Amino acid sequence: TITPTYTPTLTLTPSATYTPGGPTITPTVISTTAMPTPTNTAIVPSATPTATPIAGVELLINTGFEAKTSDGSPELPPWVLKLGTSDKIKCNKAGKPPVAQAGECAFQFKGSVGENSKLEQTAVITGLAFAAGDALNFGVQADAKDTSVLGKVKVTVKYTDATPKTKASVDFIQTTGYQALSGSTPLASGAVAKIKFSIVHQSPASKVRVDSASLLWFNNGGSLLALPKLMGQG
Numbered sequence: 004t005i006t007p008t009y010t011p012t013l014t015l016t017p018s019a020t021y022t023p024g025g026p027t028i029t030p031t032v033i034s035t036t037a038m039p040t041p042t043n044t045a046i047v048p049s050a051t052p053t054a055t056p057i058a059g060v061e062l063l064i065n066t067g068f069e070a071k072t073s074d075g076s077p078e079l080p081p082w083v084l085k086l087g088t089s090d091k092i093k094c095n096k097a098g099k100p101p102v103a104q105a106g107e108c109a110f111q112f113k114g115s116v117g118e119n120s121k122l123e124q125t126a127v128i129t130g131l132a133f134a135a136g137d138a139l140n141f142g143v144q145a146d147a148k149d150t151s152v153l154g155k156v157k158v159t160v161k162y163t164d165a166t167p168k169t170k171a172s173v174d175f176i177q178t179t180g181y182q183a184l185s186g187s188t189p190l191a192s193g194a195v196a197k198i199k200f201s202i203v204h205q206s207p208a209s210k211v212r213v214d215s216a217s218l219l220w221f222n223n224g225g226s227l228l229a230l231p232k233l234m235g236q237g
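So in my numbering the end of the sequence shown lands on 237, straight run, no missing numbers.
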C-alpha cells in the first residue's frame with residue numbers, strides 16, 4: 004500500500020532586505036509542488052500451501068471381516084478359506100478381551116501339526132486401467148504372540164501378455180498384540196489379468212489373528228484413479 008505524505012515548502016524571491024532611504028521590496032511567495040513520499044507496506048500471504056497425499060484404491064472387500072449374513076452371523080465371502088480346519092472369524096464378546104484390531108471381528112487361524120491353510124481373495128479389477136510401474140501396497144494387522152508362528156502375506160499378479168507373474172510376500176513374525184505386516188511391489192505390465200491376495204498360515208501350534216487386510220493400488224503416473232464400484236467394502 005502506498006501512502007503519499009508531503010510537506011509544503013515556501014521560497015521567498017527575492018530575499019527581503021532593508022536599505023535605508025531605498026525602495027521597499029515586497030517578497031513574493033512561490034508555492035512549490037508537493038512531492039509524495041512513497042511508503043511501502045509488505046503484503047504477507049495468510050494461506051499456507053499444503054501437499055495433498057495421493058490416495059490409493061482399495062482392491063479388497065470385507066477387509067475387516069465385519070460382513071454379516073441376514074441373521075447377523077459373520078460372513079466370510081468374498082474371502083475363500085482353503086485347507087482350514089478350526090480357522091474361522093471370531094468377534095468380540097462382552098466381558099472378554101477383544102479379539103479384533105478394529106471393529107468387532109477378526110480372522111483366527113489355529114495352529115496344528117501339518118497346518119497349511121490359506122485365506123485368499125481375488126481382487127475386483129474390472130474397469131481399472133493399470134500401467135507398468137504402478138504400485139501395489141499390501142498387508143494386514145497380525146496378532147501372533149507365539150514363537151512358533153509361521154506363515155506369510157502374499158500377493159500374486161497374473162498378466163494377459165507374456166510378462167511373468169509378479170509375486171511378493173511378507174513373513175509373519177512374533178508380535179505383542181496387533182502389529183502391521185506390510186509390503187509393496189510394482190506391476191511389471193499394465194496388462195493385468197488377475198490379482199490375488201493370500202494369507203498363508205503354517206504355525207504348528209497356538210493361534211494367530213489377522214484383521215484390517217489391505218491391497219492398495221497406486222497409479223504411478225499420478226493421474227486420478229477410477230474408483231471401482233464395490234459393495235460391502237470395509
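The set of hints was computed from the structure by calculation and includes no laboratory data.
It cannot be assumed that every hint is accurate.
Simulated pairs of lysine-lysine, DSS-like, Cα-Cα distance not exceeding 25 Å [as the list claims (entries may be wrong)]: (1) Lys-157 <-> Lys-210; (2) Lys-113 <-> Lys-161; (3) Lys-170 <-> Lys-93; (4) Lys-99 <-> Lys-161; (5) Lys-170 <-> Lys-199; (6) Lys-113 <-> Lys-99; (7) Lys-197 <-> Lys-170.
This structure is a prediction, so every number in the text was calculated from the model and none was measured.
- Task: Starting from Lys-99, check that the Cα of Lys-161 is at most 25 Å away, please.
- Result: 43 Å, violated
- Query: Does Lys-170 lie within 25 Å of Lys-197 when you go C-alpha to C-alpha?
  - Reply: Distance of about 12 Å is within 25 Å: holds.
- Given the hint that Lys-113 pairs with Lys-161, test it: the Cα-Cα distance must not exceed 25 Å. Violated - the C-alpha atoms of Lys-161 and Lys-113 are around 30 Å apart, more than 25 Å.
- Please work out if Lys-170 and Lys-199 have their alpha carbons no farther apart than 25 Å. 10 Å, holds
- Query: For the pair supplied as a hint, Lys-170 and Lys-93, is the alpha-carbon distance within the 25 Å limit?
  - Reply: 29 Å, violated
- Has the given pair, Lys-113 with Lys-99, been kept, meaning a C-alpha gap of at most 25 Å? With a Cα-Cα distance of about 19 Å, the restraint between Lys-113 and Lys-99 holds, given a limit of 25 Å.
- Are the Cα atoms of Lys-157 and Lys-210 separated by 25 Å or less? 19 Å, holds
Consistency note: the structure conflicts with the earlier hints numbered 2, 3 and 4.
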